[in-house]
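Visitor: Taking the hints as your guide, dock the two standalone chains into a single complex.
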Amino acid sequence: MISRAERTPFSEWWWTIDKPLLFSLAALMVGGIVLSLAASPAVADRLNLDLFHFVNRQVMFLIPTVLLTLGISFLDPRKVRRLALGAYLIFFPLMIFALFFGPEIKGAHRWIQIGPLGVQPSEFVKPSFIVLAAWLFAEGTRRDDVPGHLLAMTLFGATIGVLILQPDFGQTMLIGVVWGCLFFLAGLRWIWMIGLGGLGVGGVFLAYEALPHVRARFGKFLNPETGENFQTERAFESFVSGGWFGKGPGEGTVKRILPDAHTDFIFAVTGEEFGIIFCLILLSLFAFVVLRGLWHALNEDEPFVRLAIAGLTMLFGLQSAINMAVNVQLMPAKGMTLPFISYGGSSLISLALGMGMLLALTRRRPRARLVEGFPGAVPAGQFS
Amino acid sequence: MRSASNAGRVRLAMAGFIAVYLAIAGKLVLLGTKPDEQAKARIDAEAGLATRRPVIADRYGRQLATDIETSSIFAEPRKMIDADEAAEALGRVMPDLNLDELHKKFSTDLGFVWVKREISPREQAEVHRLGIPGVGFLSEQRRVYPNGPIVSHELGAVNVDNQGISGLEAYIDKSNRVVKDGSSQPPELNVALDLMVQHAVRDELEVAMKEFDPIAASGVVMDVETGEIVAYVSLPDFDPNKPADALKPEAINRVSVGVFEMGSTFKALTLAMALDSGKVKLSDRFDARAPMRYGKFSIDDFHPTRRILSVPEVFIHSSNIGTAKIALAVGVDGHKAFLKKMGQLDRLRTELPESAMPIVPRNWGELNTVTISFGHGLSVSPLQTLMATGALMNGGYLIPPTFLKRSKEEAMTLAKRVIKPETSDMMRYLMRLNATSPAGSAKKADIPGYRVGGKTGTAEKVVNGRYSDDKVMCAFTAVFPADAPRYALLVMLDEPKPTKETHGFRTSGWNAAPVTGRIVARIAPLLGVKPDFDIPPMLPPATQAAALGSIQ
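Taken in order, these protein sequences are the chains called W and U. Sequence positions in the first sequence follow UniProt numbering and run 1 to 384. Sequence positions in the second sequence follow UniProt numbering and run 1 to 552.
Since the hints were derived computationally from the structure, they do not count as laboratory data. Careful, some of the hints might be misleading.
[As the list claims (entries may be wrong)] In silico BS3-like links for lysine-lysine, alpha-carbon gap of 27 Å or less:
| no. | chain 1 | residue 1 | chain 2 | residue 2 |
| --- | --- | --- | --- | --- |
| 1 | W | Lys-247 | U | Lys-340 |
| 2 | U | Lys-242 | U | Lys-105 |
| 3 | U | Lys-34 | W | Lys-334 |
| 4 | W | Lys-247 | U | Lys-461 |
| 5 | W | Lys-334 | U | Lys-27 |
| 6 | U | Lys-174 | U | Lys-408 |
| 7 | W | Lys-247 | U | Lys-27 |
| 8 | U | Lys-174 | U | Lys-27 |
| 9 | W | Lys-106 | W | Lys-334 |
| 10 | U | Lys-471 | U | Lys-461 |
| 11 | U | Lys-340 | U | Lys-242 |
| 12 | U | Lys-405 | W | Lys-247 |
These numbers come from a predicted model, not from an experiment.
Excised from the complex, chain U in its bound form (with noise of 0.2 Å):
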């Protein structure tokens, strides 16, 4: 007998059943401290619908965006009975579901699926009746857009998880406005936007579309002193409440996303540029009387006047020559920096998440200078020509623009003096002189009363590597009211056809300046801008006559 030994023998059987408990007495405990996927899926899509959405509201408070109610259809597929039979019973009531997809997605034993999003009340009914054991109705926010394609690449789109995905819709999610569990409706977003001048300004690009019928048009109204839009229009657009449609390429945010050669328009940086410098003054004058030689290439003019003319005469003439002569007495190095200081070189950002960067040379030589200088060799988005513009418009000061509402004051804090007030106040004169001036080429946007102030621009557009003769890219900045800019406005006609008004011309001057025109009779009184039919083209009194004895 070995008792002792045995004893110990049967401890180390006890031991040995103690350790084996505890170890599924541990796993045990392990399960319940874990996380339960399946109720977590549920949870989440939960989480996801308590989501709420700050409302988006114009700077008068319309709403442009707000939530509704809505329910929406789940199953759970562990818990059906029988899956065919509900499949089949809710391919009844609504027969735009996928039955495969449904047979598929209910024969798998997961907790949470989705059957259908955002149904109908008679739906819901109908489903409610049906009485399938493991479906259910979640009760969810709906992203809806009162005002349909009105506001579009602005508001951008939500998901169907009610995610921000594009535009300010994207951009409220980026900057935490969303209240994710639900427990409080978030404040109001109160955007720069004017809904009926967005409206004004939309309605004539469409006129336009059908007059003109270009692949494209836009529109942009700008206050010049805050940086704020006011209306911003890529047609065609879409509705964001079929989300969907945003994603047609031809619905694309030409104004912040595409990037342009500006074509002349381009010429009142050069001459702002010139003038500030001090090494050209408003009454100088420039021979136009030959093409330019570069090479193999050939600077002309597009109406070739074959004279020498002042300065104010290449910007209303849009010499091409005259320009590229007033660039290069600035020099390359000027040039260059002049642009980047005016934000043209640099990826233009806003709140929405669309920016695109802008395609500049990589070898910057005099040539680039002399087909910059008139537009073309730098590619920009419209929406930084804009901001330019307006730098030269509102007394010198760069302002970032901005969707959201914003005081002079904090405008004040983020502007940036790029030109002299002297030489806004040139840029002014020109501007309105452009458009005032019988030879000028933007006075058919010249609306009594509203002295509108602008300057156009046709490119050609690159086909093929060449530049084409009869696809243009046909731009207009204007400013109203010139002697004192409170708005800037830039509107967009790609590949316009000529007609039989334009005499078979497809320059800006034909289509894009009498647009503005139209944009700005109607929107001028919306925005308070009052007309005004006694005030002359000014200038400073010690530049004025200079200027005025040069024009012929």
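With the rest of the complex left out, here is chain W (with noise of 0.2 Å):
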């Protein structure tokens, strides 16, 4: 029995952890393990693996998912900064090393192999960055002795620039995107925000220029009649194949020519066997979680816990939005997973990293400011 009168840690952590916040994400991993049965059998058939080949490993890889979340969860803000710093120091490097010794998978360099596991070390730098830089901005914001802001770039530059020479042109603009609204959260002054702007679209278009994988998905995006589209004609079709209440579950067709069927574009999947309306509902989890993070960051008063919440918030809520939107042919295709849904070990756990950090950073904690000195309590920006 969870008790409010005795006080356990566990006590604590089930009273102050925001509850529709965990239900949604539960509710989602719920959500991927079902729609892995649906969508990745066919991809297993054509790899000639077994048929529950990644149906197995997706469950696998939940249990340590479900493990990490709750128990960074159990973090105070503080812990949460030191885990982000830990997990930085290790996968960064990692990353440096997969560009000179990692394998090379569909021309990049972006994993290591760790006995019979693949590992993407980006993964685990993105929650982390994001987290680190939250910091560096709070602390430049708050103390004109440090320079946080100068810091913040720096780290960005450093990361950004192993992920370009991988390359991976998705996660460089999606960790691009956060960084520069952290910047913006955190105060920056519009003159500056059009700079970093000008400065994002001409690195948009830099890449268009010198990758050539880069403007061939722009030109089949703009004109999908001449370029052979096929992954997002598919998925297209799929959703109206499927139509408001879909083919019903393993009824779908276009799940066994989609190549990334169980990962990119598993939504596509969704639309075809479970109709346009799952689809919404879908949807409507992944906004809430969104909302209800960028509502706590607007309700919090302490700078590092605003941005991180707001950062990993976005990171999220970003990250969905563009898988989903290159479904339905709103965007170019794109490298990107659907956090909780796509197949992925690496992912999942990075999941399991940032979303652990969000749910430690929204528990209610006593206001820093009213009781100061308060043994529990965070003397902000601090670093221990």
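Guide: As structure tokens, then:
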């Protein structure tokens, strides 16, 4: 029994955690299993794997994901910060390591092999980078003697530098946008905002000019008739053939043709088998998580916590929005997974990291400002 | 700390996310309202199959065309697991399929393609036993014509999707007699045709094809009181069950689509015009002693008599000189106006989509009137001529021909008076006289009892811009019984060859006329025309004496 009378670490957690957020995330995880059952057997069959290969692995990864999410959600903001720093210090070097020693997969060096597991370090760098950037921005805003903004820019430059070298255009864009938003929320002047926006557009333009596959994707998106926009076209058709109520679980046919049916295009498979109404429900679940997170940020006074919550929420929200937008042909094809729904071990663990931290930061805490010196409160901005 | 402004910026981020999610939701809703193209291909196919066409029956309800249910195989390449295996398995069961094409079709990711239409029950069982995923059956209607080629040009044909593409089948589609959703059987379409008469006409024409070896033979029987087409044959024809045969160039519908110089059969029109105008009387005489000269042209008779001829003599000797002089007595303008009134200068439209525009001389001068008076220099469709012949015989009413059943009352509402009843009487007399007189060119068509009247026509065909001596178009217009005409008949033989029996002649009197006679002998009893062996050639008493006295 969880009782308010007795103060145990668990009861304290239970009474402070944001339950709507917790249950929404749980619902997404369960949804991920169900939709994986729909989408991945066809892909597994095509790859001559066991039919439930991807389902089994998804379930297998979900156990550490749940444990990690819950475990991290027990942390207080200071420990969250330490965790982020630790993760960044482990995985950023691994990212550089992958650049030189990782196998080349689809023309990019993103993976490293640890025993039987392929790990994509950039997935873990993402949430930790966001938390660290939030901390640096908060410090820069709070204290004039710490060059927080400059450090945040340096951190950003280093991270996306490696991502561009991999190359990973999607993650670069994602991290760039979230970092820009953080900068904006940290109180950047509008004039700077415009300059930064110009830099972003310039970066995209540069990528378009320099990277042939980026150019090809834009070209295909803008002229669907000329290019072989195979995946997005099939995705489009699958929504149309599914209609409002879908063909029913297992009845879809588009998944047999789509190579990325279990990852980037699982939303389209969902559309065909479960229907557009179900897709709208899934969409509102994501929207709820995002708006709930930003609502927390709105009501948070502590600069680091506010920025970290906003950053993690936007990372999650942007990733989901980009994936769904690609699926419904609002954006050019982009290697972006749908959080918790798409198959992928690294992606799941990375989400556990990010969402665990989000849950930890959104827990109700006694206001630091009101109870100065309270042992549980964090002297804001202090790193010990 | 700029807390207030920061809160505003968080709200801006929230608004941004709301906008993005709403855009995605909006696109999803848009996709939900979009029609499914792939599913539509199949729905369209099924809708096509559901089409019910009316049964076509002849005037006594004998079936000419009907639907039977068959199966067709379709495939959904998108649902196929192994396209190559599926194609090969189907190829083993149905060796007539084009395997390469099948491979190509199955390698697409379309939602619906046809594999084979209208398969046999055995094929269906075998394909069913193969159990290939993504292959299925749809039952569909197939048009069958139980009489085969006996009724061909009139019925036309349907394509593989059961849409009429020619003949009455096209008319059925155009006049919305098809039930598209398959909910009910449309009412039977009763046509004017009499299957037994049709068969007799076709049978005799086939004999004529063997006997005279023409490149084509056609025959049409029309009820002169209603304009109903009772028989309609144009050989060579085709079997509507094999619609591809209809595309053979020799199988064109010569009765409606072909236009021909009708030759001397046109003389009936010239005489009717002259007699009706009052400018020429049956007792008038015309000088046919010498050929007519028109600049470098010379008009002469085929069987020159070289004497002065009465009007009936001009007709039965088929004198070109006499007819030309009769036409000139009416004049160019009168001639043109009369032929226009008789519907010879405009396209004749019937229920059949097939029709042809007459070829009319652009500058119609005296020479044109001279040649057209005996059927050269104006090309019309045979059906058009038959319509005019009917008007000369039925008391003077021009009635547009029809392939559908029509009552006498209905016909009268459409009819247009073109000549006086007295003129019609005189024309009946002349036509009958041509068959009864020993000098008449139609005497080989005179079947005892049925009082046949007729007019021959032998038009030299134009070969390389000149009239040819040995290539002729033989036509014969007939009417029976001539004293009270019920049916008009047109027989045409295109390039008949001379035989021993015709003593080397290739003129209409030697081939088209006897063929017409044989046809009348067979169809008159079927049509309920009672034979009468005692009726003499008749004319109103006033004109009779003068006319009869003139014949030598």
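Visitor: So, for every hint listed, does it hold in this structure?
Guide: Here is how each hint holds up against the structure:
no.	hint	verdict
1	W:Lys-247 / U:Lys-340	67 Å, violated
2	U:Lys-242 / U:Lys-105	26 Å, holds
3	U:Lys-34 / W:Lys-334	25 Å, holds
4	W:Lys-247 / U:Lys-461	69 Å, violated
5	W:Lys-334 / U:Lys-27	18 Å, holds
6	U:Lys-174 / U:Lys-408	26 Å, holds
7	W:Lys-247 / U:Lys-27	19 Å, holds
8	U:Lys-174 / U:Lys-27	41 Å, violated
9	W:Lys-106 / W:Lys-334	14 Å, holds
10	U:Lys-471 / U:Lys-461	6 Å, holds
11	U:Lys-340 / U:Lys-242	39 Å, violated
12	U:Lys-405 / W:Lys-247	52 Å, violated
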